[in-house]
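Colleague: The listed protein sequences derive, respectively, from chains A and B. Take the first sequence: its letters are residues 1 to 261, numbered as in our numbering. Take the second sequence: its letters are residues 1 to 342, numbered as in our numbering.
Take the hints with a grain of salt, since some may be wrong.
[Claimed, not checked] Dumping the calculated SDA-like pairs for lysine to any residue here, alpha-carbon to alpha-carbon at most 25 Å: (1) B:K46 to A:L110; (2) B:K258 to B:Q243; (3) B:K46 to A:L114; (4) B:K46 to B:A310.
None of these hints come from the bench; they were simulated from the model. Note that the coordinates shown come from a computational prediction; the quantities given were computed from them, not determined experimentally.
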Amino acid sequence: MNYMRLRNKFKPIPLLISFFIIVAIIIAIVSVEEFYEGIKGAIMLIIFADPEIMEVALRSIYISGTATAFAIIWSIPAGLIIGMGEFVGKSFAKGIFNALLGIPTVALGLVLYLLMSSSGPLGFLNLFINPLGIAVGQAILITPMMISFTISAIEAIEPGIEDLAKTLGASEVETAFAVLKESTPGVTLAIMGSFNRAIAELGIAYMIGQNVGGSTRVLTTAIAMETTRGEISLSLALAAILLAIVLSINLLTNLLQRRFQ
Amino acid sequence: MHNDMEADEMKIRLGAWGTVMIIAAIVSASSVAGSWYYLEVFSRQKLIVATTTSLYDTGLLDEIEEHFEEKYSVDLCLISVGTGIAIQFAQRGDVDMLLVHSPAQELRFLQENYGVNRKIIAYNFFQIVGPKSDLAQIEGLSLTEALSRIVSAGRNSSATWISRGDNSGTHTKEKELWNAAGFNWTLQRDETNWFKETGSAMGKTLITANELEAYTLTDIGTFLAYSEGTSNLVPNLKTLVSQEAELINVYSAIAVNKTTNPNANFEAATTFTKFLTSKEGQQIIENYGISVYGQPLFYPAVELLRNNTAPMAQMIEDYAYFDGSECPPQYRYDYPELYGNK
Numbered sequence: 001m002n003y004m005r006l007r008n009k010f011k012p013i014p015l016l017i018s019f020f021i022i023v024a025i026i027i028a029i030v031s032v033e034e035f036y037e038g039i040k041g042a043i044m045l046i047i048f049a050d051p052e053i054m055e056v057a058l059r060s061i062y063i064s065g066t067a068t069a070f071a072i073i074w075s076i077p078a079g080l081i082i083g084m085g086e087f088v089g090k091s092f093a094k095g096i097f098n099a100l101l102g103i104p105t106v107a108l109g110l111v112l113y114l115l116m117s118s119s120g121p122l123g124f125l126n127l128f129i130n131p132l133g134i135a136v137g138q139a140i141l142i143t144p145m146m147i148s149f150t151i152s153a154i155e156a157i158e159p160g161i162e163d164l165a166k167t168l169g170a171s172e173v174e175t176a177f178a179v180l181k182e183s184t185p186g187v188t189l190a191i192m193g194s195f196n197r198a199i200a201e202l203g204i205a206y207m208i209g210q211n212v213g214g215s216t217r218v219l220t221t222a223i224a225m226e227t228t229r230g231e232i233s234l235s236l237a238l239a240a241i242l243l244a245i246v247l248s249i250n251l252l253t254n255l256l257q258r259r260f261q
Numbered sequence: 001m002h003n004d005m006e007a008d009e010m011k012i013r014l015g016a017w018g019t020v021m022i023i024a025a026i027v028s029a030s031s032v033a034g035s036w037y038y039l040e041v042f043s044r045q046k047l048i049v050a051t052t053t054s055l056y057d058t059g060l061l062d063e064i065e066e067h068f069e070e071k072y073s074v075d076l077c078l079i080s081v082g083t084g085i086a087i088q089f090a091q092r093g094d095v096d097m098l099l100v101h102s103p104a105q106e107l108r109f110l111q112e113n114y115g116v117n118r119k120i121i122a123y124n125f126f127q128i129v130g131p132k133s134d135l136a137q138i139e140g141l142s143l144t145e146a147l148s149r150i151v152s153a154g155r156n157s158s159a160t161w162i163s164r165g166d167n168s169g170t171h172t173k174e175k176e177l178w179n180a181a182g183f184n185w186t187l188q189r190d191e192t193n194w195f196k197e198t199g200s201a202m203g204k205t206l207i208t209a210n211e212l213e214a215y216t217l218t219d220i221g222t223f224l225a226y227s228e229g230t231s232n233l234v235p236n237l238k239t240l241v242s243q244e245a246e247l248i249n250v251y252s253a254i255a256v257n258k259t260t261n262p263n264a265n266f267e268a269a270t271t272f273t274k275f276l277t278s279k280e281g282q283q284i285i286e287n288y289g290i291s292v293y294g295q296p297l298f299y300p301a302v303e304l305l306r307n308n309t310a311p312m313a314q315m316i317e318d319y320a321y322f323d324g325s326e327c328p329p330q331y332r333y334d335y336p337e338l339y340g341n342k
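Could you put together the complete structure from these sequences and hints?
Modeller: This is the structure we're talking about:
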């Protein structure tokens, strides 16, 4: 019995694999000069708070945050309706959103450009070369992801919660909130995943924003631009900053979630 | 009785959700509208300029933007794209002005009434770069000779040519050069064992050429940025043919025609054109890059054309003039002072 327990606890193979992966990453970083330069550059940029880079990083967070906020407004209710409801075509609706997860950002960017262009149907809104245009585009991009993940989160919780809430006399909306509360971890994951997808995507930011300095330049377009300009170590530094943002925001959410549970 | 209750429940369900959805819709619509209004009202007058990658990626336009915005209260938005898509943007009315380097495409753009008031602002030379080993032995040769040697070496599989293949100004120039040297570019394209297209920007094309030890045509600015920048990204490549008259590269500014696209910010575009052709603008172009690369990347063209300085003025006129003028009178609109008394 004891022996079995020990054996269950000690898992040499995953441990070994992760050890090798870490060693490989360290070797890669040390051996490729550019990686080393890039990480050094990123640390320098952060320490000395290069105002231009900080502006780009903050704009990235602001635009993708706005996009996530927009998407939450319609995706979470939609996810709740599809996840909790029983209706004909439910699996079809789920299938559609799952399929749309893989939408190529350049293709969506091109379609949105044609809509938002001066001679397009939404041209009068002046969304082309406008940070808000990028936010709207990214919100559309992450909608299927947020809906899909919310549905999974809601379907994963005990089906009894819904009945229990209703038995206790909760209204439809109150029941929905009870279900939402139970599925908080999953819904948080849906929101965080969507934010990460938004901040890390390039196609829409490039097509709608066109990387105008001081207005629509975000981290991903800056990385693409600096690479074109031949500033490889600066690109890597920017990539490291992007990664740092994604990681720290995720860590923060994890911590908050743990505290409130 | 039971069915009635179920129907009532359905009604309640739909009613409650309907309210939530309507509130959500209102909140989202008002937040979008609010932030849009904010951005519209509080932003400065915008001038959107689509520029060729070589002007932008060398950093020249960053410096010009800085000086220009100090002087005028215009928000200069530079978007860096190839000449092909830049012209598309202008035709759709998404940009107010073009900075391009492809005379043939420019003429078509003027003829189709999309652009007016073209001004030549700068020039430099394209270069043919290739592997340091130079297997086709083209170093120092004339252009026609060099291209023929590359073709024969390519057919013997001892050389590779990399083409941009993206309808950019540089790509257009490359096609012209092949045709002028007596080769049929369209047929040559099919000889894919030595003639390869990247379909991407100059920098990526140079990296590919470097990896494959191949020959390619490049603008001088991008090549210097890649070879003399913080680190040499193209250590296998060197300049083999340059300063040939045929390799001339002329940059010009064209404003989007106000009569075709009423939304175009024609006044600001004219202000920017005037700035680029002013003494100050020309000086920035002349001095840019000397401190970093030890040589200028672009040469100013305005003074030179005004004084008809030989031999450069003649070369530019031969290559980039239409009907003996940088912008024939039928393609001008207002602001005659742009063209002096010429």
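Colleague: Against this structure, judge whether each hint is valid.
Modeller: We went through each hint and held it up to the structure:
1. Restraint check for K46 (chain B) and L110 (chain A): the C-alpha separation of about 23 Å stays at or below 25 Å, so the hint holds.
2. Our distance criterion of 25 Å between C-alpha atoms is broken by K258 (chain B) and Q243 (chain B), whose separation comes to about 38 Å.
3. Between the alpha carbons of K46 (chain B) and L114 (chain A) the distance comes to roughly 21 Å, so the proposed pair stays at or under 25 Å and holds.
4. A C-alpha spacing of about 39 Å is found between K46 (chain B) and A310 (chain B), which places the hinted pair above 25 Å, so the restraint is violated.
Of the hints listed earlier, those the structure fails to meet are numbers 2 and 4, in rising order.
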